[in-house]
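Chain by chain, the residues:
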Amino acid sequence: MPEVAIVGAGQTRFGDFPDRGVKELFAEAYQETLASVDRGMDPADIQAAYIGCLSAGGGFQLGQLAPLLTSYVGLPDIPSLRVENACASGGYALVAAICAVASGRYDLVLAAGVEKMRDASANRARYWLGVSGDTEYERLAGLTFAGIYATMARRYMEEYALKREHLALVAVKNHAHGAQNPKAQFQRQVDVDTVLRGPEVASPLGVWDCCSTTDGAACVLVASARVARSFTDRPVYVMGWGAASDHLAIHDRARITSLRATVSACRQAYQQAGVGPQDLDLAEVHDCFTIAEIMAYSDLGLCEEGRNAALLESGATRLGGSIPVNVSGGLKAKGHPLGATGIGMACEIFWQLRGQAELPSRQVKDAQIALSHNVGGSGGSAVVVVYRGG
Amino acid sequence: MGRHDGPGIVAYGVYFPSRRISSDEYRRAWGSCAAAIKEKAVPDFDEDSLTMAVEASRRALLSGPRRDPGTAAVLALATTSAPYAEKALASTVVSSLGLPPDIVTVECTTSSRAGAEALELATMVLAEKRKPGAWGLVAAADAPRAAPHDPLEHGLGAGAVAIVLGWEDVLARLVGRCSWVEESLGERFRRAGQERLNDMGVREVTGSVFDRVAGAAVGGLLEASGLKPADYRYLVVPQHDGRAGLQLARRLGFKEEQVRPAFLFDRTGDVGVCSCLVGLAAVLDVAAPGERVILVAYGSGAAASALDLEVTAEAGAHRRPQVGPALDGGVPVDYLEYLKLRRML
Amino acid sequence: MGAHVSIAMYQRNIPLRYRLVGQRCQTCGGVNFPPRAVCSQCSKGTRFEDIQLSGRGVLYSWTRIAGAGAPSEFAAQAQALGSFVVGLVQLEEGPRVVAQIVEVGRSAPRLGQRVEAVLRRIYEEDGVIRYGYKFRPAGDAAPTPPGK
Ligand SMILES: [Zn+2]
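Protein chains in written order, with the working numbering: chain A, 1074 to 1463; chain B, 3 to 347; chain C, 276 to 423.
Read the hints as simulated data drawn from the structure, not as lab findings. Treat the numbers as computed from the prediction; the structure is a model and nothing was measured. The C-beta atom is built at its ideal place from N, Cα and C for all residues, glycine as well. Be aware that a few hints might be false.
[To be verified] Facing chain B, a subset of chain C residues (Cβ under 7 Å, in silico):
id, residue
1, Y293
2, R294
3, A355
4, L356
5, R396
[To be verified] Computed from the model, here is a short list of chain B residues facing chain C with C-beta under 8 Å:
id, residue
6, V56
7, G100
8, D104
9, T107
10, E206
11, T208
12, S210
13, K342
14, L343
Can you build the whole structure from these sequences, using the hints too?
What follows is the structure in structure tokens.
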């Protein structure tokens, strides 16, 4: 019997918001979350907050960002903590909230993520991305974040005869999904030719293979199963979760065509949930680069290793397929506000499992069980959560 | 001279960066090329005198009998284009090659004569260390710089030469030397803090100083050895342009075939402190036992060193030519790429 | 704005950066590069001896970083070269290492291609040049050890 449930969710649209800072973005997602609770909720019932954020608002509040944000929205007294694990900061904030509730100490905890990247000059934004790889041996050898995934992609293409076009297909699919999501940064489709013709960023990856690091905020309310039904008749239960780490630097890893942290986190999550990949109705997968989604297919057990390209080509991972992946548009089209990304995935799953997608066309039919997969940097950390509709 | 009279050259290595710019590129950019070059090597954006010195040293160490870097007794470094105006330079080379920290180091840096100075000084230091297995290293590297609009710039190349000195397995021994110094003003100089060379550009004056000073060094050497130009198989002349060294050789009574094998200006350009050492390496690539070689190095301002070398029976025993392979090939770059690579844009 | 590795931190690694000094585990004999507190091969060994790596290896993977996307420390280099190649090199002694691959021109490197270490300038900070290893294709021009 699950101990933990999600009873409310809210998210800003991801994208470019020159008129809002990190506090305003957080407040918007928070207010939407309160409003999403079916039976309403007194904010005074929130007992703790975990807020995923990498850049601390572009470096403006490195110390005590979380108390700053929670007091800004009228929660000055509760314990509030910034959680950082690069692009998996949101996922780790969620797991921290889940663990806090599962411990029995709290009944209602806010898990949030927020990022403000687009105020920064191009150089500063690059700085914040660069800090998530291994600083000494990757970044300061000249390797960018895209470059790390590009290095994985080249190796993957060699070992599994993956074609450049397969990478493009991921972008095409996720942009098609994002085109229907009003919360996505990019709401337009692209075709394979456009992706292939895009300027190179780090070969073999072009600009269309890379997600956009952007602004945004997201929150979910994590409640004990004991109190969940006092807030809603349709809580989304957390069935299982896992988190794991790996060497930051790819040179320390035995393989670079699979993320060990994902495999390990996923095994924990399935085991606790008592389900397997065949039970999933949808998955929100960390596609910071197109190759990342392809690698994730087998790491998450959606297919056998080496069958990744075939799974993609079969259309199974498209909306309407047997296991739709990233119906939100994924990081690729929905946008990637680093710390907010992992919580944004939980929001999408909350809505999908409750049949609340804004457009019927983007609703996964009869979705019962879903998975979210959030990766830090190039796989130095990963979180996998399995959910069930109530 | 007997076989065990002193330390000598036991191995050597030559390095030129992989990119090449041709004189045609200068003609395209400026209408003419002021230097008598066909092409010259262009250092990569991330190369400097120290990285090139390390590269040449690794090649030199690989080309001779195996030796433990940790046992070297002396390192003499030569360059006019050091990346730092103040800071020990040898330490970078010592750390990169794994030479011992208690090694004697010499840094010769203020004129293009420095390559020969380093060779002389390292030999002198090693001559004091009369113990079996004692050896030393000379590393000369240069990539002199001038303003793009200065005709002097057209001839400036880049490269490195390293020489391993030792007591055993000597290929060529230093048997005599002569130095000559005379104050000369306005000839090729850089004031403190400047990166680019200046030259008053009055060839008649600087040419006569070169002739007199370099000539005096060679003259003094011949006087000391009691030999005539014809007794030497090779004369390695300074190669900071395509003419002066050849004219000097003629005036001193040396023949074309004594000078030509070591005269590489049209392929190397002016490689500063390496100019005479590249020539010496080219001679060692082909020399036969017993042959005598004069090397004359020249530095503006003005100073010249003439060195008298005797090739031993070891030469040719395990010969692996260094200069040809280092110069051959190369990836062409255009003038714009050249300016960017040399940080002149 | 750059990711900051202090001068002192860089300096502590000079033997590793300048000439590829690795660690040999006294428990299992495995080679670690860069150094570790606990051996990456046997996950037990905590005592090591220095070992001079050969600098020879093969290209395990690579990417070409487009000029505009270079980290700030490498912006000037990227501007001068247009782009640069970073590789993952499998060293002869076992460890892999990330490093720039120089002298590849405009041609595409091959996986499995032999490469050898060279000393180059990596980047500058506070006016100080940071030298370190890069790799280049091990071509015919490179000297081979003498036959004797
Ligand atoms: Zn071990």
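Do the hints match the structure? See the list:
1. Y293: It holds, given that the least Cβ distance between Y293 (chain C) and chain B is near 4 Å, below 7 Å.
2. R294: holds, 5 Å
3. A355: holds, 4 Å
4. L356: Since chain B brings a Cβ to about 6 Å from L356 (chain C), closer than 7 Å, the hint holds.
5. R396: Holds. Min distance 4 Å.
6. V56: holds, 5 Å
7. G100: holds, 6 Å
8. D104: Since the shortest Cβ distance to chain C is 16 Å, the answer is violated.
9. T107: violated, 16 Å
10. E206: Violated, because the Cβ-Cβ distance from E206 (chain B) to chain C comes to roughly 39 Å (cut-off 8 Å).
11. T208: Not OK, violated: T208 (chain B) not within 8 Å of chain C, min 33 Å.
12. S210: violated, 40 Å
13. K342: holds, 4 Å
14. L343: Holds, about 6 Å.
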